[in-house]
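Peer 1: Each chain, letter by letter, is given below.
There are 2 protein chains.
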Amino acid sequence: MTKSNQSIEEKIENLKQRCQELGMRITTQRIEIFKEVASSCEHPDAETVYERVKKRLPNISFDTVYRTLSSLEEMNMIFRVDSLLPKARFDADRRTHIHFLCIKCGEVYDIFPKDGYEIKIPDNSKDFGEIKDINLQVRGICNKCRH
Amino acid sequence: MTKSNQSIEEKIENLKQRCQELGMRITTQRIEIFKEVASSCEHPDAETVYERVKKRLPNISFDTVYRTLSSLEEMNMIFRVDSLLPKARFDADRRTHIHFLCIKCGEVYDIFPKDGYEIKIPDNSKDFGEIKDINLQVRGICNKCRH
DNA sequence: TTTCTTATTAAGAATTATTCTTATTAAATA
DNA sequence: TATTTAATAAGAATAATTCTTAATAAGAAA
Numbered sequence: 008m009t010k011s012n013q014s015i016e017e018k019i020e021n022l023k024q025r026c027q028e029l030g031m032r033i034t035t036q037r038i039e040i041f042k043e044v045a046s047s048c049e050h051p052d053a054e055t056v057y058e059r060v061k062k063r064l065p066n067i068s069f070d071t072v073y074r075t076l077s078s079l080e081e082m083n084m085i086f087r088v089d090s091l092l093p094k095a096r097f098d099a100d101r102r103t104h105i106h107f108l109c110i111k112c113g114e115v116y117d118i119f120p121k122d123g124y125e126i127k128i129p130d131n132s133k134d135f136g137e138i139k140d141i142n143l144q145v146r147g148i149c150n151k152c153r154h
Numbered sequence: 008m009t010k011s012n013q014s015i016e017e018k019i020e021n022l023k024q025r026c027q028e029l030g031m032r033i034t035t036q037r038i039e040i041f042k043e044v045a046s047s048c049e050h051p052d053a054e055t056v057y058e059r060v061k062k063r064l065p066n067i068s069f070d071t072v073y074r075t076l077s078s079l080e081e082m083n084m085i086f087r088v089d090s091l092l093p094k095a096r097f098d099a100d101r102r103t104h105i106h107f108l109c110i111k112c113g114e115v116y117d118i119f120p121k122d123g124y125e126i127k128i129p130d131n132s133k134d135f136g137e138i139k140d141i142n143l144q145v146r147g148i149c150n151k152c153r154h
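Protein chains in written order, with our numbering: chain A, 8 to 154; chain B, 8 to 154.
Derived from the structure by calculation, the hints contain no laboratory data.
Each hint should be verified, as a subset may be incorrect.
Given that identical chains are not distinguished, each listed pair holds provided it fits within a single copy or across any two copies.
Calculated pairs, EDC-like style, for lysine to aspartate or glutamate (alpha carbon to alpha carbon, straight line, at most 20 Å) [claimed, not checked]:
| no. | residue 1 | residue 2 |
| --- | --- | --- |
| 1 | K139 | E17 |
| 2 | K133 | D117 |
| 3 | K151 | E49 |
| 4 | K94 | E17 |
| 5 | K94 | E114 |
| 6 | K18 | E28 |
| 7 | K151 | D117 |
| 8 | K111 | E81 |
| 9 | K111 | E137 |
| 10 | K18 | E81 |
| 11 | K94 | D70 |
| 12 | K151 | E137 |
| 13 | K111 | E80 |
| 14 | K111 | D134 |
| 15 | K151 | E81 |
Can you make the complete structure from the sequences, with help from the hints?
Peer 2: Right, here's the structure in full:
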C-alpha cells in the first residue's frame, strides 16, 4: 500500500493508464466497476457493486462484476479484503491502513494509523515467495454488535 | 495468539476443559475434528477435515464439520485463516505467527518470526470494538508458483 | 444404574457465492 | 471504415456453506 490520496478522477486516469500499459481495453464496465469500489469507503462485496453499477449500466452481468473485480485485483488497483463469511469484499484505498473485522456481523472498518506507523513483517517472509502486499487485520466484536 | 507449544494430548485436555467451562458437551465428533486441525500444520479446509475425520467416524456429516469448526472458532480454539478463495481454512496453532498467502494457488504457509517479534497495531484499534485476535498476512506468489 | 432432558448429530435438501460456456458486442488498430 | 479479438451478457453449472428435521447420545437427576 502506498500513501497517495487521489481524487476519483485521478484514480480513474490511473486505471486507464494501467490498462494501456497492460494492453487491456478501457471498457465502460471496467471503469464503472472500479469507480464504484474506489468511491465507496465501505468495502462493498460483489453483489453490492453489481447492484450499484446496474443503476447506470442496466445490462451489466454478475459475471462481468466478478471477472472485473478479479482483474482489478490482479492489476493491484483494488484489494480483496477477506471477510470471515464466504463472501469477498473489496477496497480500492491503497494507503497504508489496517482492517477491523467484526467476527459477529462481518463488517469491515478501516483503521488509519498515525504518521510513522509501519507494519513490520519477519525478515524471513520473502523466503516463501515474492511479496505483493501486506494485510493486517484486527478481529473482534464491533461496537454495534456489543450494543 | 499465545506462545505456548503444547502436545496434542494437552490441547485436547484444554478443549475438554473449555467445553466444561462453557457448558458444552464433550462429543467424539468435537474432539476428533479439533484433533484433526490441531495435528495438521497445513491449514486444512472443511472438506479436508471431513475426509480425514470420516476415516475414524464414517458416519460424520459435512454439516457437523462446518458447525463444529465454527464453534471451535468461537471458543478461540482454532483460527479461521481466510484464503482468497471462497473456501475457509483453519489453524489450531495459537502461537504468534503470520501467514504467507499465495494469491495464485491459495496455499497458506506459516512464518514463525524470531523471538522478540511483535505485531504492533495502531493505538486507536480498540475504538472500533473489543479486540479478540490479530491476523497478519503477507500476500504474494509462492516459490512453487514462480517455478 | 437407569431415566430424563436437551444439546448435538446425520442426512440430505436448500441456499449462496462464484465460475463457466457460448454467442454477441464493441474497443483498438489497420 | 473495416477488421480483429478482448470483453461482455445471459444464464447454466459448480462449489462452499447453511438449514431443516428427525434421531441420537452426553450429562444431569433420580
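Peer 1: Give a verdict on every hint.
Peer 2: Structure-based check of each hint:
1. Taking CA atoms no more than 20 Å apart as the test, K139 paired with E17 passes in neither setting, with 23 Å inside one copy and 38 Å between copies.
2. In this assembly of identical chains, K133 and D117 lie within 20 Å of each other by CA distance solely across copies; the values are 12 Å between and 26 Å within a copy.
3. Taking CA atoms no more than 20 Å apart as the test, K151 paired with E49 passes inside one copy only; the shortest distance there is 15 Å, against 35 Å between copies.
4. Taking CA atoms no more than 20 Å apart as the test, K94 paired with E17 passes in neither setting, with 29 Å inside one copy and 35 Å between copies.
5. For the identical chains of this complex, K94 and E114 are neighbours both inside a copy (12 Å) and across copies (18 Å), given an alpha-carbon limit of 20 Å.
6. Proximity of K18 and E28 under a CA criterion of 20 Å is satisfied intra-copy only: 15 Å inside one chain copy versus 53 Å between copies.
7. For the homomeric pair K151 and D117, the shortest alpha-carbon distance inside one copy (15 Å) is at most 20 Å, but the shortest distance between copies (33 Å) is not.
8. Proximity of K111 and E81 under a CA criterion of 20 Å is satisfied inter-copy only: 10 Å between copies versus 29 Å inside one chain copy.
9. In this assembly of identical chains, the alpha carbons of K111 and E137 lie at most 20 Å apart only when taken from different copies (11 Å versus 33 Å within one copy).
10. Taking the shortest Cα distances, K18 and E81 sit within 20 Å of each other inside one copy (16 Å), while across copies they are farther apart (40 Å).
11. Taking the shortest Cα distances, K94 and D70 sit within 20 Å of each other both inside one copy (15 Å) and across copies (19 Å).
12. Taking CA atoms no more than 20 Å apart as the test, K151 paired with E137 passes between copies only; the shortest distance there is 11 Å, against 38 Å inside one copy.
13. For a Cα distance limit of 20 Å, the shortest separation of K111 from E80 across copies, 12 Å, qualifies, whereas the shortest one inside one copy, 26 Å, does not.
14. For the identical chains of this complex, K111 and D134 are inter-copy neighbours only, at 17 Å across copies versus 35 Å inside a copy, given an alpha-carbon limit of 20 Å.
15. Taking the shortest Cα distances, K151 and E81 sit within 20 Å of each other only across copies (18 Å), while inside one copy they are farther apart (33 Å).
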